[in-house]
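Line order of the protein sequences matches chains A and B. Residues in the first sequence are numbered consecutively from 1225, following the working numbering. Residues in the second sequence are numbered consecutively from 436, following the working numbering.
Think of the hints as simulated: they come from the structure by calculation, not from any bench. Since the model is a prediction, treat every value here as computed from it, not as a measurement. Careful: at least some of the hints might be erroneous.
[Unchecked claim] DSS-like cross-link-like pairs, simulated, lysine-lysine; straight-line CA separation at most 30 Å:
1) A:LYS1369 to B:LYS539
2) B:LYS527 to A:LYS1272
3) A:LYS1272 to B:LYS542
4) B:LYS503 to A:LYS1272
5) A:LYS1272 to B:LYS564
6) A:LYS1272 to B:LYS546
7) B:LYS453 to A:LYS1242
8) A:LYS1369 to B:LYS460
9) B:LYS453 to A:LYS1369
10) B:LYS546 to A:LYS1369
11) A:LYS1272 to B:LYS453
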Amino acid sequence: MGVFSIEIVREYLPFFLKGAMVTVGASLAGILIGSILGLFMGIGRISKSWWIRYPFIWYINAFRGTPLFVQILLIHFGLIPLMMESVNPLVSLIVTLSLNATAYIAEIFRAGIQSIDRGQMEAARSLGMTHVQAMRHVILPQAFKRMIPPLGNEFIVLLKDSSLGAIIAAPELMYWGRAAQGQYYRVWEPYLTVAIIYLILTLSLTYLLNYIERRLDTA
Amino acid sequence: MIKVESLKKSFGDLEVLKEISVEIKPQEVVVVIGPSGSGKSTFLRCLNLLESITGGKVMIKDQDLTAKGTNINQVRTNVGMVFQQFNLFPHKTVLQNIMLSPMKVRKWQRKQAEEKGLELLRKVGLYEKAHVYPDSLSGGQKQRVAIARALAMEPEIMLFDEPTSALDPEMVGEVLEVMKDLAKEGMTMVVVTHEMGFAKEVGDRVLFMDGGYIVEENAPIALFENPQQERTKAFLSKVL
Ligand SMILES: Nc1ncnc2c1ncn2[C@@H]1O[C@H](COP(=O)(O)OP(=O)(O)O)[C@@H](O)[C@H]1O
Ligand SMILES: [Mg+2]
């Protein structure tokens, strides 16, 4: 392999850091959009009406049952060109991450909601609250607390999976790793550096999440 | 006040309530007894439509619960319910538990709801617990908060489903005291309980349920001391 060339790392570091920002931004956008859509989908997923429930179940199955790799290609080269004039890889990446996260987060919401004792809903309804009021003031606040660990987990998964953006040339961290590799035909310098940056990101996130969990436990 | 006509309730193939008809007058205290699984909880839950009913009719103050124009949420504000498992909201303080529904459903101002909440807490003897979370309360205290929470909606009817069954024996008394006070104030009450002392002291009528029917009903003393039906006798000999 030759000597590890710190020069290559130094040259590409600004790009890696810029890429890391894009990685964090895209996965953050994915988790936020995914949480909003996932909330509605998670509630719709347990609806009593089959015509609301079934489309959601199929959406969730489709996105959880196919590789993100395939999804990103279909969306970037298929779906987005159908809907927009100009195609931006970063937009495609964020759309893919959001739609994918929606499916997983919908399941997190469903599990969170269903983990709340049904006596809670009954007590709220017996006091005259509507289903929506009971959800909003009684069920969801309790469910959210239980959803934070799996949501954090999903965020970490998303952060790592956003590296697939490299194949559609979205300028995230892995994209710059591949660019450096392509220029110098070196493996260790770009990929090891990129791996370390991913590790720093995910470990910081894990640490942050543990902190939040501890805070909520004592609250 | 409450009129039940040929009420039927099935869960799938399981017919739990076969034919229940009963009328409950304003300010009456009706105690429901019967073996476990006889449908007492189901009956109570049909009175505020926590269970959908399969057949027959339930009328609350002449309002048919399953009629098209009936707003069930509106009816429920007039029918408080107390559960065996308390079902307090663990993410809210005691006072917030009580204030939530008046504010969200009745649209009361915070101040009004708070005054009502504190007044009710004083009534059930838990004024000093207003700002703690339910987790830190004993079972008897939790159930008294649950009663206060139901009362905050100013219902005319209160339903109790084995309110003391989940309590340690030494806490049963404090909950029954609160319920007796309510009865004396003229609350219309339907109480599923096996506390015979309570039934005798404040009950106007006891219903004995078994197998999806009301097998026998009478004034408490008469029913306990002189049951007419074999099934009633058999049940009472086990619990008394
Ligand atoms: N949600 C439900 N689904 C299916 N069966 C139920 C449900 N709720 C109650 N049951 C059944 O109905 C019967 C009566 O239950 P319940 O009304 O709780 O009796 P009780 O309160 O007198 O002990 C029992 O056999 C119980 O298993
Ligand atoms: Mg029961």
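Query raised in the report: If you draw a straight line from the CA of LYS1369 of chain A to the CA of LYS460 of chain B, is it 30 Å or shorter?
Result: Measuring from Cα to Cα gives roughly 45 Å; hence the hint is violated.
Query raised in the report: Holds or violated: are the alpha carbons of LYS503 of chain B and LYS1272 of chain A at most 30 Å from each other?
Result: holds, 20 Å
Requested in this report: Below or equal to 30 Å on CA atoms is what counts here, so check LYS1272 of chain A against LYS546 of chain B.
Outcome: At roughly 38 Å apart (the allowed maximum being 30 Å), LYS546 of chain B and LYS1272 of chain A break the hint.
Query raised in the report: Between LYS453 of chain B and LYS1369 of chain A, is the straight-line Cα distance small enough, at 30 Å or below?
Result: violated, 42 Å
Requested in this report: Sort out whether LYS1272 of chain A lies within 30 Å of LYS527 of chain B, counting only the CA atoms.
Outcome: holds, 29 Å
Query raised in the report: Taken at face value, is the distance from the CA of LYS539 of chain B to the CA of LYS1369 of chain A at most 30 Å?
Result: holds, 22 Å
Query raised in the report: Going straight from one Cα to the other, do LYS546 of chain B and LYS1369 of chain A come out at no more than 30 Å?
Result: Holds. LYS546 of chain B to LYS1369 of chain A sits at ~28 Å (cutoff 30 Å).
Query raised in the report: Does LYS542 of chain B lie within 30 Å of LYS1272 of chain A when you go C-alpha to C-alpha?
Result: holds, 29 Å
Query - Pairwise hint evaluation, LYS564 of chain B against LYS1272 of chain A, where the allowed Cα distance is 30 Å at most - result: violated, 39 Å
Query raised in the report: Quick one, are LYS453 of chain B and LYS1242 of chain A close enough, alpha carbons at most 30 Å?
Result: Since the Cα atoms of LYS453 of chain B and LYS1242 of chain A sit roughly 71 Å apart, the hinted pair is violated (cutoff 30 Å).
Query raised in the report: Given the hinted pair LYS1272 of chain A and LYS453 of chain B, is their alpha-carbon gap at most 30 Å?
Result: holds, 26 Å
In summary, the numbered hints that this structure violates are 5, 6, 7, 8, 9.
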